[in-house]
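Asker: Spelled out from the first residue to the last, the chains are:
2 protein chains.
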Amino acid sequence: MKISTKGRYAVRVMLDLALNNNGECIKVKDIAARQDISEKYLEQIIAILNKAGYVKSVRGAQGGYRIARDPAEYTVGMILRLTEGSMAPVACLEDGSECEQCDTCETLEVWRDLYRAINSVIDNVTVADLVEKRRRREGSFDYSI
Amino acid sequence: MKISTKGRYAVRVMLDLALNNNGECIKVKDIAARQDISEKYLEQIIAILNKAGYVKSVRGAQGGYRIARDPAEYTVGMILRLTEGSMAPVACLEDGSECEQCDTCETLEVWRDLYRAINSVIDNVTVADLVEKRRRREGSFDYSI
DNA sequence: TAAATTCCCACTAAACTTGTAGGAATGTTA
DNA sequence: TAACATTCCTACAAGTTTAGTGGGAATTTA
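Protein sequences appear in the order of chains A and B.
With my numbering, you'll find the first sequence wraps up at 145, consecutive numbering, no jumps.
With my numbering, you'll find the second sequence wraps up at 145, consecutive numbering, no jumps.
No lab work stands behind these hints: they were computed from the structure.
Every value quoted in this text rests on a predicted model; they were computed, and no experiment measured them.
Among the clues, some could well be false.
Since the list gives no way to pick one copy over another, a pair counts as held whenever it fits inside one copy or between any two copies.
Below 20 Å or equal to it, Euclidean Cα-Cα: the simulated EDC-like pairs (lysine to aspartate or glutamate) are [what the hints assert, rightly or not]:
1. Lys40 with Glu94
2. Lys40 with Glu98
3. Lys27 with Glu98
4. Lys2 with Glu106
5. Lys2 with Asp113
6. Lys2 with Asp123
7. Lys133 with Glu84
8. Lys2 with Glu94
9. Lys2 with Glu84
10. Lys133 with Asp103
11. Lys133 with Asp123
12. Lys6 with Asp30
Please put together the full structure from these sequences, using the hints given.
Answerer: Shown next as structure tokens:
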């Protein structure tokens with residue numbers, strides 16, 4: 001039961017865009033270099049974020065990406081659901097599931113509890129939280145404000 | 001991020017063995033019929049439980065399996081870890097991981113929280129709990145004691 | 001026009017999932 | 001002892017997912 005690189009990389013991309021957001025466009029090449037991820041693979045992952053409107057793209061030379069809204073508006077859960085699909089531990093719990101035995105399934109209750117616990121964690125961390133952790137770790141050397 | 005059939009079936013097998021534990025051996029064929037799982041596939045899953053000593057086998061005609069210890073001694077977490085491997089949502093968190101960036105990785109803290117939440121759920125439900133839920137649902141028609 | 005960049009689509013190797021299949025080993029029973 | 005029932009062991013395989021690679025079109029800037 002693992003989160004795939006797609007989801008993990010997507011979270012790192014959003015964090016990278018939030019950290020390096022200075023009004024200018026950020027190129028895939030730079031993110032890939034900083035995060036040590038294949039450029040081509042990152043392209044595909046950012047494309048997902050782009051289609052969902054989580055990032056804004058600018059094409060052409062000097063183009064790149066920006067985070068679309070305030071980092072506090074993006075939870076890790078939103079990003080994971082977008083890239084990984086549902087975070088339900090079993091398909092029975094997904095919307096539109098056709099499980100007939102659900103009513104008399106003891107194990108399903110465990111999976112439901114698990115689902116709740118997972119959502120509770122990932123929906124209560126925003127990209128802004130991750131940014132703050134990083135800033136703290138780096139020390140408060142940023143006197144620019 | 002799904003639990004595979006292997007893990008889910010293993011939990012159902014343990015529950016089935018606990019529910020039908022009347023001193024006699026329980027055949028794979030019967031479990032497979034009750035749980036609607038392929039016999040041959042179940043064989044392999046039970047083999048894992050058997051090697052770990054979670055169930056005891058009796059070979060030959062009239063043979064089968066029994067749950068080895070009290071159902072209260074088996075948590076869902078134990079069964080899942082045995083069949084699925086570590087329930088860590090990322091490899092970095094697994095024992096013997098060689099992740100160098102762990103010290104400066106903000107996202108890892110999220111995965112760690114997630115890991116804790118997952119373990120907290122699955123380690124706090126035993127097979128006995130599942131049995132009890134089933135008995136309650138069926139109504140207290142069992143006056144044999 | 002040349003260069004830089006996003007965008008789009010096709011392909012692929014490797015691993016994992018979810019089984020099937022066949023038969024050997026072991027024990028019971030007629 | 002022979003037939004039968006059952007676990008045990010191992011190999012195979014189709015389908016899906018993962019984690020990319022690769023080529024080039026479209027768009028924008030210098």
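Asker: Compare the structure with each hint and give your call.
Answerer: Cross-check of the supplied hints:
In this assembly of identical chains, the alpha carbons of Lys40 and Glu94 never lie at most 20 Å apart, being 31 Å within a copy and 28 Å across copies at closest. For the homomeric pair Lys40 and Glu98, neither the shortest alpha-carbon distance inside one copy (37 Å) nor that between copies (25 Å) is at most 20 Å. Taking the shortest Cα distances, Lys27 and Glu98 never come within 20 Å of each other, neither inside one copy (43 Å) nor across copies (30 Å). Taking CA atoms no more than 20 Å apart as the test, Lys2 paired with Glu106 passes between copies only; the shortest distance there is 18 Å, against 24 Å inside one copy.
In this assembly of identical chains, Lys2 and Asp113 lie within 20 Å of each other by CA distance both inside one copy and across copies; the values are 18 Å within and 14 Å between. In this assembly of identical chains, Lys2 and Asp123 lie within 20 Å of each other by CA distance both inside one copy and across copies; the values are 18 Å within and 18 Å between. For a Cα distance limit of 20 Å, the shortest separation of Lys133 from Glu84 qualifies neither inside one copy, at 24 Å, nor across copies, at 33 Å. For a Cα distance limit of 20 Å, the shortest separation of Lys2 from Glu94 qualifies both inside one copy, at 18 Å, and across copies, at 11 Å.
For a Cα distance limit of 20 Å, the shortest separation of Lys2 from Glu84 qualifies both inside one copy, at 10 Å, and across copies, at 11 Å. In this homomeric assembly, Lys133 and Asp103 come within 20 Å of each other (Cα to Cα) only across copies, at 12 Å, whereas the closest approach inside a single copy is 43 Å. Taking CA atoms no more than 20 Å apart as the test, Lys133 paired with Asp123 passes inside one copy only; the shortest distance there is 17 Å, against 30 Å between copies. For the homomeric pair Lys6 and Asp30, the shortest alpha-carbon distance inside one copy (18 Å) is at most 20 Å, but the shortest distance between copies (41 Å) is not.
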